[in-house]
Amino acid sequence: GQGVEQPDNLMSVEGTFARVNCTYSTSGFNGLSWYQQREGHAPVFLSYVVLDGLKDSGHFSTFLSRSNGYSYLLLTELQIKDSASYLCAVKMPNYNVLYFGSGTKLTVEP
Amino acid sequence: DPKIIQKPKYLVAVTGSEKILICEQYLGHNAMYWYRQSAKKPLEFMFSYSYQKLMDNQTASSRFQPQSSKKNHLDLQITALKPDDSATYFCASSLRDKNSGNTLYFGEGSRLIVV
Numbered sequence: 001g002q003g004v005e006q007p008d009n010l011m012s013v014e015g016t017f018a019r020v021n022c023t024y025s026t027s028g029f030n031g032l033s034w035y036q037q038r039e040g041h042a043p044v045f046l047s048y049v050v051l052d053g054l055k056d057s058g059h060f061s062t063f064l065s066r067s068n069g070y071s072y073l074l075l076t077e078l079q080i081k082d083s084a085s086y087l088c089a090v091k092m093p094n095y096n097v098l099y100f101g102s103g104t105k106l107t108v109e110p
Numbered sequence: 001d002p003k004i005i006q007k008p009k010y011l012v013a014v015t016g017s018e019k020i021l022i023c024e025q026y027l028g029h030n031a032m033y034w035y036r037q038s039a040k041k042p043l044e045f046m047f048s049y050s051y052q053k054l055m056d057n058q059t060a061s062s063r064f065q066p067q068s069s070k071k072n073h074l075d076l077q078i079t080a081l082k083p084d085d086s087a088t089y090f091c092a093s094s095l096r097d098k099n100s101g102n103t104l105y106f107g108e109g110s111r112l113i114v115v
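Sequence order for the protein chains is A and B. With my numbering, the residue at position 36 of the first sequence is 36, and numbering never jumps. With my numbering, the residue at position 111 of the second sequence is 111, and numbering never jumps.
Careful: at least some of the hints might be erroneous.
What the hints assert, rightly or not - One-sided excerpt, in silico: chain A residues whose CB lies under 10 Å from chain B:
1) Q37
2) G40
3) A42
4) V97
5) L98
6) G103
To be verified - Keeping only pairs whose Cα atoms sit at most 20 Å apart, straight-line, the calculated EDC-like set for lysine to aspartate or glutamate is:
7) A:K105 to A:D82
8) B:K7 to B:E108
9) B:K9 to B:D84
10) B:K53 to B:D75
11) A:K105 to B:E108
12) B:K9 to A:E39
13) B:K9 to B:D85
14) A:K105 to A:E14
15) B:K41 to A:E14
16) B:K41 to A:E77
17) B:K41 to B:D84
18) A:K105 to A:E39
19) B:K40 to A:E39
20) A:K105 to A:D8
21) B:K7 to B:E24
22) B:K71 to B:E24
23) A:K81 to A:E39
24) B:K40 to A:D8
25) A:K55 to A:E77
26) B:K7 to A:E39
27) B:K53 to B:E24
28) B:K71 to B:D84
29) B:K41 to A:D8
30) B:K9 to B:E24
31) B:K9 to B:E108
32) B:K82 to B:E44
33) B:K40 to A:E5
34) B:K82 to B:E24
35) A:K105 to B:E44
36) B:K7 to B:E18
Calculated directly from the structure, the hints in this document are not laboratory data. C-beta: ideal position from N, C-alpha, C; glycine also.
Construct all of the structure, not just a fragment, from the sequences and the given hints.
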């Protein structure tokens, strides 16, 4: 099967940062995406990476290491409204099939 | 205004019955998908369509049948419903090309409960 693993929960404090980890073991790889999902709502696209290294997009940054099957989503200057689930998804070579992790529920406390 | 419309938003069905989940997208995309999300499980890919043709199918059961009457429609017919089918079914769309294929736009989902 296709394995995309994420920790279930993460807690952090408003004004600081949070790093959401994702490891994957899949039969193919054509990029990795991050989505934000609030309770009872649809996933919303945040970022896509296919090359190794850090991609800085301001409030959200993403890191990828293909040799280690590892990515993280870094949220800086956290706000309470950043509390949500963050889903990691590996794109397979066969077009748009994405394999999602179970998501990490981030709770930002005051 | 929502660009991907799913109907119904909530649905309660009896075991053994048949239901159709409706999805229409107004983003001008040429690819549409169905994903399923059960409690505490990953978002699970089911089907992908491009220009009304089935491209990928990773649902084992033939009880799930996608139907595409127009390029911007992809409905999901589920027959002989079981309690294990209870989940939120998300429709999604994208442009089908190498550069934009990673950005899926999701509808708000149809939450199905089978009793």
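Hint by hint, here is what the structure shows:
no.: 1; hint: Q37; result: holds (8 Å)
no.: 2; hint: G40; result: holds (8 Å)
no.: 3; hint: A42; result: holds (4 Å)
no.: 4; hint: V97; result: holds (5 Å)
no.: 5; hint: L98; result: holds (6 Å)
no.: 6; hint: G103; result: holds (7 Å)
no.: 7; hint: A:K105 to A:D82; result: holds (10 Å)
no.: 8; hint: B:K7 to B:E108; result: holds (9 Å)
no.: 9; hint: B:K9 to B:D84; result: holds (19 Å)
no.: 10; hint: B:K53 to B:D75; result: holds (13 Å)
no.: 11; hint: A:K105 to B:E108; result: holds (19 Å)
no.: 12; hint: B:K9 to A:E39; result: holds (15 Å)
no.: 13; hint: B:K9 to B:D85; result: holds (16 Å)
no.: 14; hint: A:K105 to A:E14; result: holds (15 Å)
no.: 15; hint: B:K41 to A:E14; result: violated (28 Å)
no.: 16; hint: B:K41 to A:E77; result: violated (29 Å)
no.: 17; hint: B:K41 to B:D84; result: holds (13 Å)
no.: 18; hint: A:K105 to A:E39; result: holds (10 Å)
no.: 19; hint: B:K40 to A:E39; result: holds (12 Å)
no.: 20; hint: A:K105 to A:D8; result: holds (6 Å)
no.: 21; hint: B:K7 to B:E24; result: holds (9 Å)
no.: 22; hint: B:K71 to B:E24; result: holds (9 Å)
no.: 23; hint: A:K81 to A:E39; result: holds (12 Å)
no.: 24; hint: B:K40 to A:D8; result: holds (9 Å)
no.: 25; hint: A:K55 to A:E77; result: holds (17 Å)
no.: 26; hint: B:K7 to A:E39; result: holds (19 Å)
no.: 27; hint: B:K53 to B:E24; result: holds (16 Å)
no.: 28; hint: B:K71 to B:D84; result: violated (30 Å)
no.: 29; hint: B:K41 to A:D8; result: holds (11 Å)
no.: 30; hint: B:K9 to B:E24; result: holds (13 Å)
no.: 31; hint: B:K9 to B:E108; result: holds (8 Å)
no.: 32; hint: B:K82 to B:E44; result: holds (18 Å)
no.: 33; hint: B:K40 to A:E5; result: holds (13 Å)
no.: 34; hint: B:K82 to B:E24; result: violated (25 Å)
no.: 35; hint: A:K105 to B:E44; result: holds (18 Å)
no.: 36; hint: B:K7 to B:E18; result: holds (15 Å)
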